[in-house]
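With the sequences and hints as input, model every part of the structure.
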Amino acid sequence: MRERIIEIWVGFFMLLGILALLVLAFKVSGLSSSIKENGYNITAAFDNVGGLKIRSPVSLAGVHIGEVSTIKLDSMQFKAIVTMKIDQKYKQLPIDTSASILTQGLLGANYISLTPGFAPTFLKNNGIVQDTHPALILEDLIGQLIFSLKNPGGKK
Amino acid sequence: MNDFVNIHGLYFNRNGRNIFSDIELNIPQGKITAIMGPSGCGKTTLLRLIGGQLKPERGNIHVDGKLINKLSRAQLYELRRKMGILFQSGALFTNLSVYENVAFPLKEHTELPDFMIHDIVLMKLQSVGLRGAKNLMPSQLSGGMARRVALARAIALDPALIMYDEPFAGLDPIALGVIVKLISDLNKALGITTILVSHEVEEALSIADYIYVIASGKIIGHGTPEKVHIDKNPEVQQFLQGLPDGVVPFHYPAIDYSQDLLH
Amino acid sequence: MLILEKLRLLGQFGLQLLMSFGRSGIFLAHLLIRKPRFKKSFPLLIEQLYFIGVLSLVIIVLSGLFIGLVVGLQGYNTLNKFGASQQLGQLVALSVVRELGPVVTALLFAGRAGSALTAEIGLMKSTEQLASMEMMGVDPLWRVISPRFWGGFISMPLLMIIFSAVAVWGGYLVGVVWLGVDGGTFWSAMQSAVNFHDDIVNGVIKSIVFGGVVTWIAVFQGYDTVPTAQGIGRATTRTVVYSSLAVLGLDFVLTAVMMGGW
Chain A
1 MRERIIEIWV
11 GFFMLLGILA
21 LLVLAFKVSG
31 LSSSIKENGY
41 NITAAFDNVG
51 GLKIRSPVSL
61 AGVHIGEVST
71 IKLDSMQFKA
81 IVTMKIDQKY
91 KQLPIDTSAS
101 ILTQGLLGAN
111 YISLTPGFAP
121 TFLKNNGIVQ
131 DTHPALILED
141 LIGQLIFSLK
151 NPGGKK
Chain B
1 MNDFVNIHGL
11 YFNRNGRNIF
21 SDIELNIPQG
31 KITAIMGPSG
41 CGKTTLLRLI
51 GGQLKPERGN
61 IHVDGKLINK
71 LSRAQLYELR
81 RKMGILFQSG
91 ALFTNLSVYE
101 NVAFPLKEHT
111 ELPDFMIHDI
121 VLMKLQSVGL
131 RGAKNLMPSQ
141 LSGGMARRVA
151 LARAIALDPA
161 LIMYDEPFAG
171 LDPIALGVIV
181 KLISDLNKAL
191 GITTILVSHE
201 VEEALSIADY
211 IYVIASGKII
221 GHGTPEKVHI
231 DKNPEVQQFL
241 QGLPDGVVPF
251 HYPAIDYSQD
261 LLH
Chain C
1 MLILEKLRLL
11 GQFGLQLLMS
21 FGRSGIFLAH
31 LLIRKPRFKK
41 SFPLLIEQLY
51 FIGVLSLVII
61 VLSGLFIGLV
71 VGLQGYNTLN
81 KFGASQQLGQ
91 LVALSVVREL
101 GPVVTALLFA
111 GRAGSALTAE
121 IGLMKSTEQL
131 ASMEMMGVDP
141 LWRVISPRFW
151 GGFISMPLLM
161 IIFSAVAVWG
171 GYLVGVVWLG
181 VDGGTFWSAM
191 QSAVNFHDDI
201 VNGVIKSIVF
211 GGVVTWIAVF
221 QGYDTVPTAQ
231 GIGRATTRTV
241 VYSSLAVLGL
251 DFVLTAVMMG
261 GW
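Protein chains in written order, with our numbering: chain A, 1 to 156; chain B, 1 to 263; chain C, 1 to 262.
In case anyone wonders, no lab produced these hints; they're calculated from the structure.
Mixed in with the good hints, there may be bad ones.
Partner residues are not named here, just some residues of chain A that face chain C (Cβ under 7 Å, in silico) [claimed, not checked]:
{"#": "1", "residue": "Phe13"}
{"#": "2", "residue": "Ala20"}
{"#": "3", "residue": "Leu21"}
{"#": "4", "residue": "Val23"}
{"#": "5", "residue": "Val28"}
{"#": "6", "residue": "Ser29"}
Values in this document were obtained by computation on a predicted structure and should not be read as measured data.
We put the CB at the ideal spot given by N, CA and C, even for glycine.
What follows is the structure, encoded as structure tokens:
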């Protein structure tokens with residue numbers, strides 16, 4: 001009898017552990033499996049990716065549609081080639097879509113924001129996004145600001 | 001007459017102190033052998049050496065024909081199933097009931113079904129007179145009762161050798177009488193080779209078939225109770241008669257009394 | 001020369017520590033290199049999972065809750081100064097999952113379960129229960145120590161996961177329910193910041209390592225103790241102290257390795 005009670009409690013303990021793990025996986029870290037299984041790749045070349053990392057989000061109109069899967073350097077053109085994995089649900093990205101690297105909030109992480117174009121044909125697997133805007137580098141902005149403060153009203 | 005245990009040329013040290021030097025000891029099979037001596041002479045250590053818990057510096061210990069100090073771990077554990085030992089404190093497992101304590105060796109070493117184990121446990125408890133206490137926990141037992149349960153546990157597997165470490169210590173006269181009777185009956189009824197370590201002279205002499213007296217790491221006397229009783233060795237006599245002063249001095253070594261007082 | 005004497009004592013202490021460490025290593029080796037007899041030892045393991053794991057649940061859940069509440073509160077206060085209070089979810093989750101979860105659970109475990117294990121085994125040793133078991137031909141390493149070791153090893157990660165989940169919920173209670181941070185932002189900022197592989201899995205790995213180390217120390221100290229009342233007292237203290245130091249030290253090492261800075 002005592003053994004039965006012990007077994008029940010241990011079973012409860014393990015169940016609680018598994019439950020907590022599921023909570024941690026899905027509610028806390030937002031683990032989702034859909035993108036891994038069915039997604040297609042598109043690539044884009046950037047002059048500067050800034051702080052963009054692998055698994056950084058890719059969104060369109062603010063909606064999360066995919067993530068960055070690889071970032072490589074093209075040693076001939078000296079540009080960063082970013083491969084993005086897009087959820088299969090969003091198959092209709094026009095081929096003149098543009099990609100920009102933006103920042104979440106003021107000090108947040110970098111992500112890729114896609115802005116759709118107007119072309120009638122769509123990007124397919126391994127398609128290339130031609131129009132890209134690099135990340136805004138804070139130092140450049142500050143440099144520009146200081147420069148324009150020193151030279152108000154145009155160059156002298 | 002075979003000897004169940006043979007000890008030959010035993011030397012044993014602990015913490016740099018020499019406990020045994022050149023001990024020669026034989027335990028005849030089926031008989032009760034008492035090992036006696038003053039406190040701290042190493043009687044318990046001897047039991048542990050026989051049981052293989054300690055290894056001697058030099059010398060051989062044969063138990064049931066096997067050289068115990070050279071056995072592998074597995075063989076040692078195998079041999080131990082034929083030995084039962086009763087520790088001074090009983091050493092019952094405090095988280096198990098009386099029944100479960102006695103059933104422990106049976107559950108661990110045999111594949112017997114539960115109903116058979118049940119019967120054996122009850123039989124063993126009956127032989128020590130504690131069958132009615134089978135559901136009590138060790139903490140609910142008196143010292144004497146705990147020792148009797150430990151005895152039932154020690155004989156659970158019907159061992160060939162049983163060793164008692166100070167079984168008479170700290171018991172009231174009734175409990176004392178019970179234990180003496182049990183030790184004697186077990187030996188007579190089952191023919192178990194019995195080693196009795198004690199310093200209760202009267203009780204040990206009353207049931208032992210053979211006696212060894214150990215002091216200062218050596219055997220100072222041995223023989224049947226009658227022979228040892230009239231042994232001329234002053235050390236043996238001091239021990240047997242309980243004389244406060246003799247070969248073992250009353251006073252711990254100290255400087256002159258008057259000097260100490262006047263200082 | 002007093003200094004020479006002190007140095008000699010220090011050296012002796014160091015050597016004893018080294019010998020003790022060596023003994024514990026051999027002990028661990030004996031414990032791990034065994035052919036498991038599942039039918040007999042499985043019930044023992046379940047029993048230990050109960051005593052070690054289930055009975056620690058209360059302290060772990062309560063501590064998790066309180067830690068979550070405090071981190072939520074402190075985090076909110078600080079973040080609010082920068083107008084970044086929507087990042088609260090991320091702050092709570094990352095602190096808990098990466099560091100507080102594994103470390104605090106391990107420290108609590110060492111104090112509650114570790115010291116109990118040491119005391120129990122030490123007591124069995126000093127009342128000669130272990131010796132009598134040996135003399136009965138049953139290896140106490142197998143019957144007493146091994147189930148306790150594996151029980152602790154398995155319980156720790158489970159407790160850590162439960163702790164983390166409760167703590168995050170505690171942060172939610174403070175931040176969203178009490179202080180008015182937006183619930184949706186709380187969870188979404190958290191989800192985008194917490195990475196399952198880097199954060200959660202690493203946290204679980206940490207707690208598995210901690211579980212092994214703390215249980216090993218607790219069980220060894222009990223087995224190795226001087227069999228007197230004082231000895232057991234000292235052994236339990238050693239368990240808690242050594243475990244705590246080991247956990248904190250290993251935490252640094254593991255964090256450094258995981259952050260890739262090694």
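Going through the hints against the structure:
Taken as an interface hint, phenylalanine 13 (chain A) checks out: its beta carbon lies about 5 Å from the nearest beta carbon of chain C, inside 7 Å. At a threshold of 7 Å, the smallest CB-CB gap from alanine 20 (chain A) to chain C is about 4 Å, leaving the interface hint in force. Because the beta carbon of leucine 21 (chain A) sits about 5 Å from the nearest beta carbon in chain C, less than 7 Å, this interface hint is met. The interface hint given for valine 23 (chain A) is met, as the beta carbon of that residue sits about 5 Å from the closest beta carbon of chain C, less than 7 Å.
A cut of 7 Å between beta carbons decides the hint on valine 28 (chain A): the least distance to chain C is about 5 Å, and the hint holds. With a least beta-carbon distance of about 4 Å to chain C, the hint placing serine 29 (chain A) at the interface is held under the 7 Å criterion.
The structure shown violates none of the earlier numbered hints.
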